[in-house]
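Enquirer: These protein sequence lines are chains A and B, in that order. By this note's numbering, the letter at position 97 of the first sequence is numbered 743, and the numbering carries on one by one without gaps. By this note's numbering, the letter at position 128 of the second sequence is numbered 774, and the numbering carries on one by one without gaps.
Please note that a few of the clues may not be correct.
What the hints assert, rightly or not - Using C-beta positions, here's what the derived DEER-type ranges look like:
#1 A:ARG756 to B:LYS858: 35 to 43 angstroms
#2 A:GLU704 to B:ALA698: 28 to 36 angstroms
#3 A:GLY736 to B:ARG756: 36 to 44 angstroms
Unchecked claim - Within a straight-line C-alpha distance of at most 25 angstroms, the following computed SDA-like cross-link-like pairs (lysine to any residue) qualify:
#4 A:LYS730 to B:PRO816
#5 B:LYS803 to A:THR734
#6 B:LYS803 to A:GLY736
#7 B:LYS864 to B:HIS748
FYI, nobody ran anything at the bench for these hints, they're computed from the structure. None of the values given here were measured: they were computed from a predicted structure. Beta carbons are placed, not taken as given, at the ideal position from N, Cα and C, and that holds for glycine.
Listed below are the residues making up each chain.
Number of protein chains: 2
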Amino acid sequence: MERVPLQQKVLSENDRIAMELRARFQERGILCLNFVSSPGSGKTSLLERTLASVPNGERIAVLTGDIQTENDATRLQRFHFPVKQITTGGTCHLDARMIERHLADWPLNRLDLLLIENVGNLVCPASYDLGEAAKIVVLSVAEGDDKPLKYPSIFLKSDLMVVNKVDLLPYVPFDVNTAVNNARRIHPQMEFIRVSCLSGEGLDEWLSWLQKRRNAQKLLHHETVC
Amino acid sequence: MERVPLQQKVLSENDRIAMELRARFQERGILCLNFVSSPGSGKTSLLERTLASVPNGERIAVLTGDIQTENDATRLQRFHFPVKQITTGGTCHLDARMIERHLADWPLNRLDLLLIENVGNLVCPASYDLGEAAKIVVLSVAEGDDKPLKYPSIFLKSDLMVVNKVDLLPYVPFDVNTAVNNARRIHPQMEFIRVSCLSGEGLDEWLSWLQKRRNAQKLLHHETVC
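All chains should be built: construct the whole structure from the sequences, respecting the hints.
Expert: Below you can see the structure in the form of structure tokens.
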């Protein structure tokens with residue numbers, strides 16, 4: 647059985663759709679972010695805090711992936727932005743075709759920020775480009791500061807590491823500097839922000855990072871159009 | 647492209663090797679346990695606590711899986727039982743062939759307990775039988791009590807749920823009863839034990855569960871032999 651060519655074919659099919667999605671997002675000035683993490687690191691909480699902090703008129707939408715349940719979409723719909731659940735029914739990651747399919751009936755010209763919450767998995771989502779401008783990896787301090795070395799691929803491919811649940815730092819053996827150094831051994835340009843979605847610590851810095859990326863995307867959009 | 651038959655072929659290859667491993671373990675009276683969880687839930691800590699609690703003469707060995715690093719094996723080797731690291735180099739789960747290969751030069755007749763620590767991933771390891779007598783799912787309270795509903799397959803296939811890091815319960819929104827009820831909605835026979843590998847709470851109950859399973863395996867072994 648020839649295994650490698652098949653894998654290449656599957657990957658290139660995903661990559662082709664991701665490239666098309668990326669082109670569509672850039673054309674319309676949409677910043678697309680792909681949030682990845684272990685189960686229970688706080689992706690949904692970070693999105694809740696984000697949606698709660700922006701005015702209702704903002705052009706934001708969310709796609710949220712899970713193996714089962716629509717719980718995350720239910721949590722996120724409270725903020726009155728468009729939210730769709732992608733239930734993968736067993737698949738351990740989102741892929742570009744799922745994104746394409748779930749965007750089919752959404753008017754993209756009414757958006758400038760698309761937030762994608764991936765399935766909780768620190769391994770497989772690293773291999774599937776969704777057409778995003780950047781991956782953001784969320785790491786809970788309860789998981790341990792060694793995780794970037796043990797799951798290098800996802801840290802290599804993420805622009806930003808959000809160290810979440812810092813309110814738990816007094817109670818867990820986790821050193822933020824060690825985590826950041828470990829992440830930068832894999833990915834020297836890794837940015838990082840420490841937050842607590844429970845206490846609110848660090849959220850200003852996160853929102854400011856997000857705003858900078860949105861501004862940059864708008865500049866890029868104008869450049870493309872002119 | 648016919649996708650289902652190929653997947654069936656891959657799965658049945660794994661299942662065939664897993665069946666052979668299971669037969670070898672049963673023949674020799676070896677209890678094999680497969681520990682699964684999200685990254686950072688505390689599988690290695692639970693194994694450390696377990697190895698620290700048993701006398702040196704016990705016939706125990708450990709296989710520990712990770713994408714990268716030999717950190718877990720280094721941590722576990724301190725207890726002077728045979729330990730081997732399986733570094734998958736990107737693969738998101740252990741499979742039966744990896745187990746078979748890493749057991750090849752180990753004298754199985756000197757063992758009666760084989761502990762396998764899977765790659766940290768709450769999705770993919772559910773699909774790969776390693777020939778174990780039981781899967782044990784470790785869930786850290788920092789991950790949230792909704793996880794059994796969101797990752798049902800791994801909870802369905804595990805005999806025991808170890809709720810770990812209960813020392814963090816005062817600081818996180820996690821209700822143990824809700825977690826257990828959610829797990830039992832998926833798997834009504836699910837046993838559970840609450841532990842803290844940091845404070846030591848609940849470890850007696852875990853060690854007693856383990857001893858019961860070892861005793862049962864010995865009885866089964868004698869029955870097979872007679």
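Enquirer: It remains to establish, for every hint, whether it holds in the given structure.
Expert: A quick look at each hint next to the structure:
At roughly 60 angstroms, the beta carbons of ARG756 (chain A) and LYS858 (chain B) sit outside the given window of 35 to 43 angstroms. Between GLU704 (chain A) and ALA698 (chain B) the CB atoms are about 53 angstroms apart, so this pair departs from the stated range of 28 to 36 angstroms. Between GLY736 (chain A) and ARG756 (chain B) the beta carbon distance is about 39 angstroms. The supplied range of 36 to 44 angstroms therefore holds. The straight-line distance between the Cα atoms of LYS730 (chain A) and PRO816 (chain B) is roughly 33 angstroms, outside the 25 angstroms bound, and the hint therefore fails.
At roughly 19 angstroms between alpha-carbon atoms, LYS803 (chain B) and THR734 (chain A) fall within 25 angstroms of each other, so this suggested pair holds. With a C-alpha separation of about 14 angstroms, the suggested pair LYS803 (chain B) and GLY736 (chain A) falls inside the 25 angstroms cut-off, and the hint holds. A hinted pair counts as satisfied when its Cα atoms are at most 25 angstroms apart, and LYS864 (chain B) with HIS748 (chain B) qualifies at roughly 24 angstroms.
Taken one by one, the earlier hints fail for this structure at numbers 1, 2, 4, listed in ascending order.
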